[in-house]
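Residue numbers (the working numbering): 1 to 232.
Hints were generated in silico from the structure; no laboratory data involved. It cannot be assumed that every hint is accurate.
[Unchecked claim] Lysine to any residue pairs mimicking SDA-like chemistry, simulated, CA-CA at most 20 Å apart:
id: 1; residue 1: K109; residue 2: R122
id: 2; residue 1: K109; residue 2: T99
id: 3; residue 1: K109; residue 2: A95
id: 4; residue 1: K109; residue 2: A120
id: 5; residue 1: K109; residue 2: D119
id: 6; residue 1: K109; residue 2: A98
id: 7; residue 1: K109; residue 2: H97
id: 8; residue 1: K109; residue 2: R96
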Amino acid sequence: MKKTIIAGGLAAASLAVLVGAAAPAPQTPAQAPAAATTQAAPAARHAGIQARQAQPVSQAEFVQARVSRLTALDANHDGTVTAEELRAGAQARRARHATQRFDRLDADKSGQISRAEFDAARPEHGDRAGHRGPRGGEHRGQRMGRRGGGEGRGHGPAERVAHHGPIVIADVQTKLTEGFARLDTDHDGVLSPAERQAGRAVMRERFQERRVQRQNRAPAVTSASPSAPASE
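Generate the whole structure from the sequences, applying the supplied hints.
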């Protein structure tokens, strides 16, 4: 039962993202100046996202894109994903992102980042970092914990799986297939951008309702657990 709950929750999260086929990142000529490379990267990524969102998504793309990610995390190939496998996947993803960022900064591909390359990258992040404080008073480690990136922190996917039990990949596939059918309101076998947008709106509303429910339950749990033993 707990496995089914977690599988359904992950499927709901997948529906919120509304999978599209991943497009290859635009290639930047190796001889381009460092400043042009780093400043163009955010615009290129944004253009790629917009292009994917404008394309219809088939059921196979919608379901398999998510299932394949879970299958890749299933290190022992038992058809489930444990909290440990989720944490290992998050760690590998952070390492991959760090490598990609280094490669973007290393414009001349020398294996080292010069001062000029470092300074050229500052326009990409400097203004945003300078004018944006920690979100809601949180530091980065707390946010990563909530997303499941940290170990033993927050309430991210890994922590939920550790509490409820492993994710059953077959159950997720079933939930996603059912979700696709609900989103495909004209029953043409593909999700249009409008159908995906409507699905995102519904899932945002549901997530907000669940967040409010959790917040309302928290005081009751606290009050039910007295901090000191009752006097005789």
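TODO: Would you mind confirming whether the straight-line C-alpha gap from K109 to A98 stays at or under 20 Å?
DONE: Measuring from Cα to Cα gives roughly 15 Å; hence the hint holds.
Open item on the list: Can you confirm whether the C-alpha distance between K109 and A95 stays at or below 20 Å?
Closed with: holds, 19 Å
- [ ] Would you check the hint for K109 and R96, treating anything up to 20 Å between C-alpha atoms as holding?
- [x] holds, 17 Å
- [ ] Measure nothing beyond the straight line between the CA atoms of K109 and T99; if it is 20 Å or shorter, mark the hint as holding.
- [x] OK: K109 and T99 at ~13 Å, within 20 Å.
Task: Given hint R122 paired with K109 - CA-CA distance at most 20 Å - done: holds, 18 Å
Open item on the list: What's the verdict on K109 and D119, does the C-alpha distance respect the 20 Å limit or exceed it?
Closed with: Holds, because 16 Å separates the two Cα atoms, which is no more than 20 Å.
- [ ] Measure nothing beyond the straight line between the CA atoms of K109 and A120; if it is 20 Å or shorter, mark the hint as holding.
- [x] Holds: K109 and A120 sit about 15 Å apart, inside 20 Å.
Task: Hint consistency between K109 and H97 [alpha-carbon to alpha-carbon, up to 20 Å] - done: holds, 17 Å
The structure is consistent with each of the numbered hints, conforming to all of them.
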